[in-house]
Amino acid sequence: MGLLRRWVARQFTTRVIVLMPVGIAINIVLGSTVQQALKLPIYLDSIGTILVGVLAGPLAGALTGILANLIWGYLLPAPIGTSTIGPFAITAGVIGLLAGFWGQLGLFRPRRAGGASIAAAAIAAILVGALALYTYARAYASPEAFVNITGFQATDFDRSRIFFLAIMVLYVALVGTALYLRRDVGAVFAIGAGLVTGIVAAVVSAPIASIVFGGVTGSGTDALVAAFRSGGDSIYQATLKQGLLSDPLDKMITSFVVFFILGSLSRRFVARFPNGEKALGHEAETDTVQTAKG
Amino acid sequence: MAIELSAVRYRYAGASKTALGSVDLSVEPGRVLGIVGANESGKSTLCLVAGGLAPRAIGGRLEGSVRIDGADTAAMRSHELAQRCGLLFQNAAAQLSGTTGTVYEEVAFGPCNLGLAVADVIERVWWALGTVGVEDLAPRDPARLSGGQAQLVALASVLALRPRYLILDEPTSELDPAGTALVADALARVARETGAGILLVEHKTDVLARIADDVAVLADGSVALAGPAAEVLADPRLAGFGVEPPARVRLEREVRASGLEWSAALAEAIE
Amino acid sequence: MSQASVAAGRGLPEYVTRRPGGFYRSVNPSTKLAIAALEVVAAFAVPGWPVPIAILAVVVATAVAARRLRGLVVVALAASPIIGSILLVNLFLLPGASDPIVRLGPLAPTWSGLWFGLQTVLRLFAFSAAITLVYLTTAIDDLLADLARRGLGRRAVFVVGAAVQMVPRTVERAAEIVDAQRARGLDTEGRFWRRARGVLPLAAPVVFGALTEVEERTMALEARAFSAPGRQTRLRVPVDGAMDRALRWAAIVALVAVVGLRIVGKLG
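Chains as they are written, first to last, in numbering that gives the first Met the number 0: chain Z, 0 to 293; chain D, 0 to 270; chain A, 0 to 267.
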């Protein structure tokens, strides 16, 4: 019991308490202002959650996500506040929790390209790919779909393969961009973690969306949900399929952004957080003279 | 009864060079000790070490001892430290809690954290506001204050904990001349009325000329010069340490250099 | 000295105690939360039409009496895209529906779809309205103060309070960053791929800007004894009268009852 209490207390130092509102604000601002400016079909509202999770741990990350959704949905006035965000606080909590574990595993650490790290990256990529393949094959080849769309078996399998391939292509593209920008093999792990997080997020969100909102959330992806439903899927099935298309993409991009940002923060800043050491690589210190104002 | 730094050496985490190398200093109650020096000379580090935040909150290695009224800062918990020694930094906005709607509640934040009775909190808030001279700001929104006002409120917030010592790291650097004058006057009043010992790091030597009793010059992490303020600030070696002397001193030098007489009346005229 | 004791004798100034007035606004915040929780759970746990309609009616009536109807309308309007989606999708695509209203070529809107869609919309309205009403009639400071009195720790109070104050400032800064990047040539109107490249140039500065003051804020909090043990003194304590307590307990009991009946299956 004491161990648990210490694990909890360790994650909520004063510095983390100061970081959490910043993470919450980042979530909300990127999810509203920047999202509106770019009008992309991704949410960008988990960047703060994942950042806090990686730096401070699973509990802090989970709470940041949950509180961000609740505050965004229920404590802020209209143009920013949206009432559909609230129920997805559970998903946000899970995302933060996962980010904390990825952080503790050092998956967001920069890694110089070298024999061992490339091999590890290859293994990680294969594992992630296998998980995605399994998920997509299961989700899109559902028994209900078979029953309702007899004769569509071949198409259904093809569809799951297409979606799986699309996600994999995106994964490779993002990793490629990250490598180009940062020459850092750690991108494979970070973006892979994003892919897994996205899959989990989709699975967690589907029941919420279907129970509370009947499967639609007012965003552009509702057309997709409609398409799946016209194919005979139940609300839950349709929401899950839509989620598995948009969430992994969204979380891969989000993790990419967080990985990039972590790499750009000063070592000193990162090191003072509970999980900070695990988010830092082992490169030699380049700056020798340090000031408090740095 | 003082803040005593003895043979203090400090190195930041992961740094190869020491930031402070064998510093001996003391801050006496009721006196203002000014610290000047070039950039990177260790002034901010000195504030963190003297205030007990280094290495506690930021890591690094500390040798030597830092004692407040005889007690080792390393052995104190952070809230005990806060009640003995108040810390203020440059950026006033970052020091406000960001959770209060009025200056009154902002200044009450510290005493409330200590769990004091409401009557005690009220007394301390008015006392702190009064000492700094900002009672009329009490109903205002802290987020809408000017730089100088915010810094004064931050000062009052720290004072509300009744520390015996105050450490300020360039509190006026982001302020305009009016704000600088406000803060300088408030500090002088605090030292006079509360008997607090003040360690004031400042670039603006004019401020130190006005309110400091003693001045120490830091260079490369150690004390190069120390003594009464008037002497040190008039010392010709000051410029060599990257510190610009106060206007009064510069003017006096120019006047003497051009062969004219310098008198006390002239000095009075500029002040 | 004398001023301090005079002040102490005066007690807390009015601008600190800030007691809210007005119908429903003066009700204790936790009571309002409990009532909203009951309304939300009932809206989803109890099948059929009457309960969501009743809840919506109660909430709207309360809003009118508290002179906050306009806020509710704003939220309802903001939800119109979702409402539209829900109605359309269910009208045309409810699985297993076989009672078409009319056949329009390949499209066949169904009665079951319409009813299901309307019910979902109604529940959603009831849910949103119940929670929005709390927001419209309660100051965040009061809510946090009341929760703190009931045991919510100072750290949680700080996180929520600081986040709420920080968001508007960060929104302004983000708007500036968007303008600045646009002036530097960032494309926010063009094709998908060009817009996608704008993610990093917009997100990164916003995040960095928000993180700059973390170190100093941390030290400032410690300098104000934030880590002191024990309970924080609360200057503001929202009123909790007998009526507030009674309403709160009634709501909680009803909430538990609804959940229990639903689990046991008595609600149909």
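For the record, the hints were derived by calculation from the structure and aren't laboratory data.
A couple of the hints might just be wrong.
[To be verified] Taking beta-carbon pairs under 10 Å as the criterion, some of the chain Z residues facing chain A (in silico):
id, residue
1, 0
2, 12
3, 43
4, 46
5, 162
6, 165
7, 167
8, 234
[What the hints assert, rightly or not] Stretch by stretch, here's where chain A covers chain Z in the computed footprint (C-beta under 8 Å, at least three residues):
id, segment
9, 88 to 98
10, 101 to 111
11, 119 to 128
12, 201 to 212
No experiment lies behind these values; they were computed from the predicted model shown.
Here a beta-carbon is modelled for each residue, glycine too, at the ideal position from N, C-alpha and C.
Can you name, in rising order, the numbers of the hints this structure does not satisfy?
-> Hints 1, 5, 6, 7, 9, 10 and 11 not satisfied by this model.
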